Amino acid sequence: MRDLVRRAELAGAQRRAVLLHMDQLPPSLAKPHHQRLARAALNSLAQADRAQQFELSRGRLAIVWRNRDGHELGHAMAALDHLLADLPPEQAVAPGQLVSVFDLPEQSAWLLDELIERPPAQPDGAPEPTRTPDAALMARLEHALAQADLSRFMRWRPVLHVTGPTPTPAWDERDVAARDIAASLCPGFRIKADPWLFHRLTRSFDRRMLALNSFGHGASPTGPFALHLNIASILSPEFLRFDAALPGTLRGTVTLNLLAADILADPASFTFARNFARTRGYRLLLRAATPAVLAVLDLAAAELDYVQVPATASLQADPDKLHKLLPRATMAVVTGLDPDSGAAWARANGFSLVRGR
Amino acid sequence: MQQESNRWDCRIEAVPRTASPCPPGPSVTGAAGDTHLGNSGDRLLTDAAERALRAPRGKLALVLRLSALKPPAPRPHHLRIAMALLQDTAQRYGGQVFPHRNADLVLLCAAPDEDNRLVSGQASPLGLPGALGRLFAADAADPANLTTLWRLEDEAASFRAYLAQRPADAGVSAIVTNDPAAGAASAAGLAALDTLLATSQIPDLLAQQTAIELRPGRGQPLTARLAPIFRELTFSFAALTEHRDIAEAFADPFLLRHFAARLDARMLHLLQTDLEAGGRLTRPTLRQGLPLHLNLTLEGIISPAFARLAQTARATGARFGVEISLMEAVSDPPLMDYAHSLLELAGFPLVLDGLEQASLVLTHPAALRPDMVKLNWSPGLADSPPPVKAAIDAAIARLTPARILLARAENEDALVWGQSRGITRYQGFYLDAVRAAGRIAVCHSARACTLRQCITRAGTLNAAIRGACGNPGLLDITPGQGSVARDQGSGAGNAAWRV
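The listed protein sequences derive, respectively, from chains A and B. Heads up, the first sequence is in our numbering, so the first residue is 1 and it goes up one at a time. Heads up, the second sequence is in our numbering, so the first residue is 1 and it goes up one at a time.
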């Protein structure tokens, strides 16, 4: 999408783009069939001249086409208007709130800005969440999440090879925006305030992510990707279904991202899950592998493929510290680097993978 | 259930795992396809086997002996994953999987011919023994003997012999495929637990256990070689798990830690006030010159309640140690660093708790600079295959035996193994029993007491349970080397005991 916008800008090609903000759908319309309706409302645009469609993060949909003066947009907006007409007054939303229209190349900078991943701002006037969840709330969230469609909360960040002169994609890291889910399901609560309850809740996220990323689902990945998973989730029926549906072309390219505390919560299960994941061709990555964690966990014994290392200022100042803790530098995925100079820094210091923002 | 399994000490490993082979519960569902269970499953296997044996050409049978895995395996996920792998092969090779009620799985299928062997790769039944051996490498005492593959054309007699000697269904447990901790929790149950923990009398929930040093003394009775080194206070799992929701919540490591953190503040406050008043919770232990060990979360250590306890301990000269689970220690390294510095400031030694065989070989706990590391005994430490044994020995050498305490020493095997590795410090049911036997031998009120009663009463701070003892002054005592008088009472006279 970014490439297309930049090319249009460079060539001075006239295009029109619409962005459907699925994440702005009011709660009563944030159900899967509503999302399908909203997409269907924009269907007429997909038939337009040279139309190209893009799935963006947070469940957003973008369509770019050539004929700036056609009637396609008017038809689509009328269809969307119809969908929104039945909303109760307190949830009233204008089509303009859900759809942004950009004329290229004049407004390409604005559109590019929309494409940058950033945490959603708190709605105006919404108080910062302050309450700490208790176990009963966590249980209610588990029930609420059991069948929820989390596609609008899905985020992905690219992991890049930086060994060549220009970074190339290695895989996409797919995750859900927990805070946004909390803001939607239990506004006012700091969802990560109790780390152990939050950790428990991530199992529910895992189940939904496994369903969401299963082959055959609308948002299923087409290239190499990584999922944050708990050990218990790798051993769950949901993972077996995910595994059974994984296309042969993707087998061997999927990475499972684990946390050290989860590994050590039940190390026997970790060992079994690791052996199972290996049997089925998955790669394993240790998340949040700070030097303190790397000093405790024996990477060789754990037989992990990658470790995700946050590039703190002290590590950037003294990369040797990290090299000493790693069996091989090529297993590190360095995160949190400067978007402009990070790749060069990683390459210069012998690291081959970085995670973008 | 043994006493150790009745305890939870704010540590995940203290919660009894799914009992072996599996607890009674819901049976295997039909989700796995051609799956049959129990008596009818056995009959179906027998029928299918007979049919296969009538035309054995190109047919295979394979048994996966999940029942031979080391306890607590086979756990539900072992069965689930093994079933999925065998089902995969069954589907590709026109076969069926038959689970036995003891969790063993039998696969009957066609042998791969030259063509489909190339196509199907790792799902080939011929590759299963190797793949399953690798998968269960850490859980099987003898991975090579985990599976047997028969080519029915040539090995019909051997397969018939296996079928004939399969254990009868009677007396073996049912298998389950759902984990108690894997489903969604009950909001009402957890709310009730919250209330229970907020309102319970903490002393009624407290258990205690004495850790000992085994002094050299070949030929001397064990009771003469026990020197107590500290007493650990924990929350009693048994006191809380009558309710099903609560038992399920505590079976989940993350919920357990959440509730442990909630209890920390109350326990720290209780101990501080007890210490100031010279109360019954702290005085007996401290008078014996023993440190009290507390299991705390990182949140608990950085709380004001901990700072107040440390201050009171300094003022009264009371000695404490703090035990932190390994998973908690790696969950938040900066917080762990800070908590450790607070422990150093308070003069409380750090004990790293919750190491087990699997984590011992996966970690370098010394990097966390603990004063002591607790390794939980399991038979696997002694009877693992040679490569695993070598890894265990290397890990012990790295840590040094002097820094290790062998916890959950439930039987003599634990002591034998520990001593063979140079470990001298122990804690667990076996030592509790030896100590209780020593007390009963010298107690004037023990005529009607069983060993179990004496162990239970000594292992709790619940006043009602301890009150059943006719000579409660002896309960916290470790008898040693005949240095006690038979009618020794409570109070100051205890100084004569070797404690």
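Everything labelled a hint here was simulated from the structure, so no lab data went into it. Hints are supplied without guarantee of correctness; some may be wrong.
[Unchecked claim] Cβ-to-Cβ under 10 Å is the rule here; a few derived chain A residues that face chain B:
1) 140
2) 154
3) 156
4) 183
5) 195
6) 234
7) 235
8) 290
9) 327
10) 329
The structure presented is a predicted model; accordingly, all values stated were derived computationally and were not measured. Backbone N, C-alpha and C define an ideal beta-carbon position, used for all residues, glycine too.
Handout entry: Indices of hints not satisfied (ascending)
Key = Hints 2, 3, 4, 9 and 10 are the ones this structure does not satisfy, whereas the remaining hints hold.
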